[in-house]
Amino acid sequence: MRSARMIRPVNSLVFVCDQLGGLTPSWQKDKQILWTDTCISIACYPEQDGPTEVILGTSEDVDAGHVPQFDGLLKIPTGILSVQNVIHEPFLTMDVSSPIVRVQVWLNHPRWANKVTIGVS
Amino acid sequence: MTHIHATYLHHQLKRLMRHDAHRFLRPDWRRFTCFGEENQLFHHLYDRIDRKYSPDQPRVPRGNPDGGQWTNGRIRSGRQDPRVLSDVTPNGIGSGIQYAQSRTRGTSGRVIINGQQVEPSPAQQARLTVVEAQAREAIRRVQELDPKWQPTPSAYESVEGLIAAYRADARQAHERISELHQMGIGPGPFAGESIPARGPERDFSAAERREINRIGSEKGCHTCGITNPGTPLENFVIDHQPPTAWNPLSRSQRLYPQCISCSSKQGNWISRNGGRR
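So the protein lines, in turn, are chains A and B. Start counting at 1 in the first sequence, then tack on 58, and there's your number in this note's numbering. Start counting at 1 in the second sequence, then tack on 5, and there's your number in this note's numbering.
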């Protein structure tokens, strides 16, 4: 299963978390990916310079073929994982079968990623 | 514009803090104020000094809860008394309303401390008026951006303690506003020129992008002052202020240049603080 969207998120940020939200990680300068056990923050391509393609699916379906920039566990209590903007509006959602899932994130560029791939297993 | 020397102002302030400050106030000082200045700080200060010491000023008759107190000629009590320092509007709710209610002021300039009415000295009254106004103004500025914010309450057991508490409130408010500005909430310390926003949408025109890039290259990011936007195409982020996601009073917005780092920090802060949830 795989879904994708081209977006220009406000503040060039997206958050992967439960549909009801999670604890947003503290900001750190020049960090592309930040996380807590309930929320992953991902920096996208600067919104005024161009769109970012966000892909969400199972890890087998979306594997980018290289080592992911993030590989960790995320709590999804309601069973619905959501990719949201800063005001918690969802871009993409995905049903998951477990309250704790393994999430992998691949970026196509170390600083200016315009393709963000999120794999769930 | 008339220039007033700081030494002169300092001298005037010292005189108005004296116990006999009323001697330095012309009886007809109101003639020199303009319509609409009734809420100005100096107006409150002069008014208090004037009313406290006017020998011709009538008193509230015996039998009234405020019997014996100075009055302006109309019998008032409690909240109707203009001497009660409070910004509580009779029917409306304004910013700072909870703050005004948090510290009890009695009539006649008395303050209630630990359930006891305490009469401040004239100098203390003048200082109280000043620090309370300063604290209220600082808190109002914070609450324009963060309406739920309140200063941490301070304990006090004397009038001097109350004055210190108001100062602490003002200091907390200044720290909070500084923190908000550093997070990109509100025009930052480097904010210079800006252009009006057509709306909260982000469908910026080429002209708006050009103008923001011009302002950014000259004045820098409004939050941190850096003149390099830090983006691959060297375009500044066009930042709505107040941020669309954090505009509790629905104020009109303006556009400012922001660097990518400050934009990211702002977005993180808004997400952490539940912006427009």
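By construction, these hints were calculated from the structure, which means they are not laboratory data. Nothing here was measured: the structure is a model prediction, and the numbers come from that model. There may be inaccurate statements among the hints.
Partner residues aside, some chain B positions facing chain A, computed with beta carbon under 7 Å [to be verified]:
id : residue
1  : A211
2  : T236
3  : P237
4  : L238
5  : V242
6  : H245
7  : N252
8  : R256
9  : I265
10 : S268
11 : G272
12 : I275
13 : S276
14 : R277
15 : G280
Where a beta carbon is used, it is the ideal one built from N, C-alpha and C, also for glycine.
Right, here's what the structure says about each hint:
1. A211: violated (12 Å)
2. T236: For T236 (chain B), the interface hint holds, since the closest Cβ of chain A sits about 4 Å away, which is under 7 Å.
3. P237: The hint holds - P237 (chain B) has a Cβ within 7 Å of chain A, the shortest such distance being about 5 Å.
4. L238: Since chain A brings a Cβ to about 4 Å from L238 (chain B), closer than 7 Å, the hint holds.
5. V242: The hint holds - V242 (chain B) has a Cβ within 7 Å of chain A, the shortest such distance being about 6 Å.
6. H245: violated (9 Å)
7. N252: Hint on N252 (chain B): violated, closest Cβ of chain A at ~11 Å, above 7 Å.
8. R256: violated (17 Å)
9. I265: holds (5 Å)
10. S268: Given a least distance of 5 Å, the restraint on S268 (chain B) holds.
11. G272: holds (3 Å)
12. I275: Result: holds, 5 Å to nearest chain A Cβ.
13. S276: S276 (chain B) check passes; min Cβ-Cβ to chain A is 4 Å, inside 7 Å.
14. R277: Interface hint status for R277 (chain B): holds (4 Å vs cutoff 7 Å).
15. G280: holds (5 Å)
Hints 1, 6, 7, 8, counting from the list given before, are not met by this structure.
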